[in-house]
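Going down the list, the sequences are from chains A and B.
So that you can map any letter, position 190 of the first sequence is 190 in this note's numbering, and since no number is skipped, the others follow by simple counting.
So that you can map any letter, position 97 of the second sequence is 97 in this note's numbering, and since no number is skipped, the others follow by simple counting.
Just so you know, the hints here were simulated from the structure itself, not pulled from any lab data.
For lysine-lysine, the following DSSO-like pairs were computed, each having C-alpha atoms within a straight-line distance of at most 30 Å:
#1 A:Lys60 <-> B:Lys7
#2 A:Lys60 <-> B:Lys4
#3 B:Lys4 <-> A:Lys120
#4 B:Lys7 <-> A:Lys124
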Amino acid sequence: MNRKQQFKEGLITNNPVLVQQIGMCATMAITTTLFNGVGMGLSVLIILTCCNVVVAALRKIIPDEIRLAIFVVVIAGFVTIVDLLLQAFIPALSAALGVFIPLIVVNCIIIGRAEAFCQKNSVKDSFFDGIFQGLGYTCVLVIMCVFRELVGSGRFGGGLIDIANGFRFTLDGTGGGIQIFPSEYGMSIMNLPFGGFLTLGLLIGLMQYALKRSEKNRKEAERAAAEAAALKEVDD
Amino acid sequence: MNNKIVKLALVLFLICAVTAGILGVVNALTYDRIYQMKHQKEFEAYAAVLESSSGYTETDFDKAAFPTVDSVQKSNDGNGYVVVSTFSGAQGSITMACGVGTDLKCTGISIIEHSETSGLGAVAASSSEAGVAFREQFVGQDGGIALSKAGGSIDALAGATITSTAVTNATATSIACVAALG
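Next up, chain A with everything else stripped away, as it sits in the complex (with noise of 0.2 Å):
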C-alpha cells in the first residue's frame, strides 16, 4: 500500500472528522486550549495505532460474529492503560480532559478504522494507518483550538506555552499561553459548544470547498489532457 497516498488520505481527502465526520463530540468539547488539543489528540493517536496494530494482528483469528466486542474490549484496554499513564504522569492533562479520555472507548474514529480499515489490511498497513488517522485528527483538534482560543479569550498556547520567564513549553499545563489581546474583548461564546460547532461548521465547509475545487481542477486537467491528445492525432 501507498503510504503517501495513506498520508494523504488521513490527513485531507478521508480525513477522519472533516470528512468521514466521526469522532466530532470529543472534537467539539475539548477544543478550547491548545494544551487540552494536543494532549487529546496525542492520546487519540497512541490508542489508535496500539488498537490498529492489535486488531489487524489478530484479524484471522477474530471470528466475524463477535468481532465488535472484542474491538470493545480491546479499545477499552487500551484506554484504561492511556488514562492511568495520564493519571500518574500527566495529571494536569488528566484533570483537563476528565472524562474525555475514558470516553476514547466509545469514539467513532477508533472503532471505525478497525472496522473499515484494519479487519482487512496488514499489520503494517494498519499501524501507519493509524499514525496518519491519528495526526489527521490531532491537526484539527489543533486548529480547532488555536482559532477558538483566540476569537474566544484572545491567547494562543494556552497550557502548553508559558512566557512569564522568558519563552518555554510547558508539560504540566500551567502556562499562560501568549495573550494577544485582552481576554475582556474576545467572544467568550467561542469557548462554549456553540464555538465549537460554528468552528467545526466553517472548517468542514471549507475542507469540502477545497475538495471539490482540486477535483474540478483535476477533471479539467485531464480533459485538457485528453483534448491535447487528440489535436495532436489529427496532426500527425
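Given chain A, put chain B in place with the hints provided.
Here is chain B on its own, set in the frame of chain A:
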C-alpha cells in the same frame, strides 16, 4: 452449532483475560503514584486554605445535617478547621476545601476536583489571574456570604453563574458546619 458458540465464547474469554492481565500490571505500576498524588493534592489544598505548622486531625461532625460535607479537619495549631465538601457544579460534582477560622470567617477556598467547562466554570479552580481573584474574594467572608446579585459581595465569574453560586453556597455550608461543631 454448539461447538461454534463454545469457540466464540472461548476466543472472547481469552482476549478479555489477556486484556485484564495487562490492565492489572499497568494498574499495579501506576497505583502508588496516583494515590500519592491525590493525597498530596488534598494536603496542599488544606495548607492553601488554612496554614497549620503541626498538621490536621479528622474531626466528627453532624453528617445528617450537612450531607454535602465529606470531612472536617481540625488544625492542630488550633487556628480553625478545613471543611472538605462535594456538591454539584454546572457540569458535575465539585470537591472543595474551605478553611474556616475560629472567628467563623472563611480563610480561603481551594477546589480539589471538578469537571466544569474549560474557560468558564473551570476558571474557579485555575491558577490564572481571574481564578485567583475569584477565590480571594472568599477570604474574610462570614456565614452570610452571597453573590453580589443576591445582595452579597462575591462577584460571579463571567459566564459561570452556576459554578459561582455552587462554590458560594458550599462556603456558607462549610462555615455553618463548623459553627455547629460548637
